[in-house]
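Going down the list, the protein sequences come from chains F and V. Here full-length UniProt numbering is used: position 190 in the first sequence is 190, and no number is missing along the way. Here full-length UniProt numbering is used: position 107 in the second sequence is 107, and no number is missing along the way.
Don't read these hints as lab results, they were simulated from the structure. We put the beta carbon where it would ideally sit given N, CA and C, even for glycine. Watch out, some of these pointers could steer you wrong.
Unchecked claim - Pair by pair, the computed Cβ-Cβ distance ranges are:
no.: 1; chain 1: F; residue 1: ARG187; chain 2: V; residue 2: LYS37; range: 30 to 40 Å
no.: 2; chain 1: F; residue 1: ALA406; chain 2: V; residue 2: VAL111; range: 51 to 61 Å
no.: 3; chain 1: F; residue 1: LYS169; chain 2: V; residue 2: GLY62; range: 50 to 60 Å
no.: 4; chain 1: V; residue 1: GLY61; chain 2: F; residue 2: ARG187; range: 26 to 36 Å
Chain by chain, the residues:
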Amino acid sequence: MALTHTLEAHLANARPRALAALLRRFRDLDVAEDALQEAMLRALKKWPATRIPSDPAAWLIRTGSNAMIDRIRRDRRFAELASDEIALMGGPRDHTEVELERAEVIDSADMRDDVLRLMFMCCHPDLGVHDQLALALKVIAGFSVEQIAAAFVIKPKAMEQRITRAKKKASAVAGRLETPTAFERTRRLEAVCLMIYLLFNEGYASSHGKSHINPEICSEAIRLARLLLSLFPAQAEVMGLLALCLLQHARHRARIGAGGELITLDAQDRTLWDREAIAEATVMIEKALRKGRPGPYQIQAAIAAVHCRAATAADADWAEIELLYGALEREMPTPVVALNHAVAISMTKGHAAALAALAPLEDDLGSYLPYHVARADFLAALGRKEEALHAFRAALSLCPNKGQEAHITQRIAALQRCLAPD
Amino acid sequence: MLYAILIYGADGVFDRLSEKQQEAILAKHGKLQETMKKRNALGAVARLMESNTAVSLRPHGGSVVVTDGPFAESKEHLLGFYLIECATMDEAIEAARLLPMDTASYEIRPVHWSNQQASDGPDPHA
Numbered sequence: 001m002a003l004t005h006t007l008e009a010h011l012a013n014a015r016p017r018a019l020a021a022l023l024r025r026f027r028d029l030d031v032a033e034d035a036l037q038e039a040m041l042r043a044l045k046k047w048p049a050t051r052i053p054s055d056p057a058a059w060l061i062r063t064g065s066n067a068m069i070d071r072i073r074r075d076r077r078f079a080e081l082a083s084d085e086i087a088l089m090g091g092p093r094d095h096t097e098v099e100l101e102r103a104e105v106i107d108s109a110d111m112r113d114d115v116l117r118l119m120f121m122c123c124h125p126d127l128g129v130h131d132q133l134a135l136a137l138k139v140i141a142g143f144s145v146e147q148i149a150a151a152f153v154i155k156p157k158a159m160e161q162r163i164t165r166a167k168k169k170a171s172a173v174a175g176r177l178e179t180p181t182a183f184e185r186t187r188r189l190e191a192v193c194l195m196i197y198l199l200f201n202e203g204y205a206s207s208h209g210k211s212h213i214n215p216e217i218c219s220e221a222i223r224l225a226r227l228l229l230s231l232f233p234a235q236a237e238v239m240g241l242l243a244l245c246l247l248q249h250a251r252h253r254a255r256i257g258a259g260g261e262l263i264t265l266d267a268q269d270r271t272l273w274d275r276e277a278i279a280e281a282t283v284m285i286e287k288a289l290r291k292g293r294p295g296p297y298q299i300q301a302a303i304a305a306v307h308c309r310a311a312t313a314a315d316a317d318w319a320e321i322e323l324l325y326g327a328l329e330r331e332m333p334t335p336v337v338a339l340n341h342a343v344a345i346s347m348t349k350g351h352a353a354a355l356a357a358l359a360p361l362e363d364d365l366g367s368y369l370p371y372h373v374a375r376a377d378f379l380a381a382l383g384r385k386e387e388a389l390h391a392f393r394a395a396l397s398l399c400p401n402k403g404q405e406a407h408i409t410q411r412i413a414a415l416q417r418c419l420a421p422d
Numbered sequence: 001m002l003y004a005i006l007i008y009g010a011d012g013v014f015d016r017l018s019e020k021q022q023e024a025i026l027a028k029h030g031k032l033q034e035t036m037k038k039r040n041a042l043g044a045v046a047r048l049m050e051s052n053t054a055v056s057l058r059p060h061g062g063s064v065v066v067t068d069g070p071f072a073e074s075k076e077h078l079l080g081f082y083l084i085e086c087a088t089m090d091e092a093i094e095a096a097r098l099l100p101m102d103t104a105s106y107e108i109r110p111v112h113w114s115n116q117q118a119s120d121g122p123d124p125h126a
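Just chain F, same shape as in the assembly:
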């Protein structure tokens, strides 16, 4: 039957919202996950025979809550719970019913804070970045431990332990996360945007594994950005984040060569770019800029859009890109932004100016691969080949994966061919 084919897609789509609401209800991540699990099992049994409800998340929340409350009541270990604790979990049966009726029409303001709470819990500052991402993939996206372990190239057993530890820490926080004030909401939103962006980057420039990109992780980050935007539809920076991820991901088929090597922007086959995604992102940036509240994600998306608009790398409007990097550097004065600004300068003001712009960055970016690649490029373009070779070798020692290694080895070989006749 056709219905079962798409059932899992509907369930996966409803998962973050359903789990977020269950977490608010039960104040405990394990209990919320159990409730969701039970609801999903019931959905798999029930939906094929009837139909997929018009609001799958609401159905899962109602069914999961009911199942969990019933289980708690049945469970002897909970028999002695103080009555006020029972009340917290939904109160006596009659009240529960009333409350669950209400849950059918989920208040969008509640849902917004619920999902934000769930996401914020996963990027708690006590957790290391990779633990945050692993936890987000497990809890919000519903990835299996095996999938996450494969993405981070560690044994499933070790990943499971890491996730369990991270979950414990995050869960302790979750119980204390009240409905936020406007200020607190902004802070959470910023943290969550960053987490989604880091997740996207983990897929885009994989720090683990043989392959340079992991499209599945990128797609998941894009889904989370879409979810966040659907809950905060007026947030210009969330639009910027989504546009940025869409634009970067639109190029993924062109970024890896047949041998798994990385292909830089100027050498990519632009017919492989996903035009639909680029169009959607362009609309998103336009919408965001109407608000007149530019921020780092919007500016970075605008830069990516300039690249995507150009028919060839040489056609890109580098003057505009350099201006945008200037604006970005004012918003976000980090060495990495300054590095990218220097690359743009190399296209507008020449390689000597670009090299000069790099000079102050050496202390900060000495162990940052793209710094050495950019420096090698500038030096090679200025004819300082020995220095360029030296910079490429520094880059080679920093390569996190085979794709990038292959790319730089090629560049070194090309440079050596130039040097050979001398």
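With chain F's structure known, arrange chain V on it following the hints.
Here is chain V on its own, set in the frame of chain F:
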């Protein structure tokens, strides 16, 4: 008469289907388009971007406010539409039955007026 088939569904579900499932869905749309084309009865066809890309206009104190997102708070959004030329509502229903029923629901609305017409179909004003 010209009929609109309005396609409603949740954002994000199609994207989660496997390539094979997506192809199966697109094949059904292809079937409808082909069938109507053969009858010279296919008008405009549109697949809309996600509702996140939408803005809404509404009157507010004598002026117009532009807000982000779709107008109605809803779980199901307008995903796209067809305009087809059919002799009767029954015929329009038969045509819509060609579409995939597990990822979207459909609303068939007779069209009062349109500048679009099915390729060689009768003038909708006639």
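Here is how each hint holds up against the structure:
1. Checking the proposed 30 to 40 Å range against ARG187(F) and LYS37(V) shows it is violated: the Cβ atoms sit about 55 Å from each other.
2. Restraint check, ALA406(F) to VAL111(V): a C-beta distance of roughly 57 Å satisfies the suggested window 51 to 61 Å.
3. One distance hint, 50 to 60 Å for the beta-carbon pair LYS169(F) and GLY62(V), holds here, with the actual separation near 54 Å.
4. At roughly 33 Å, the beta carbons of GLY61(V) and ARG187(F) sit within the given window of 26 to 36 Å.
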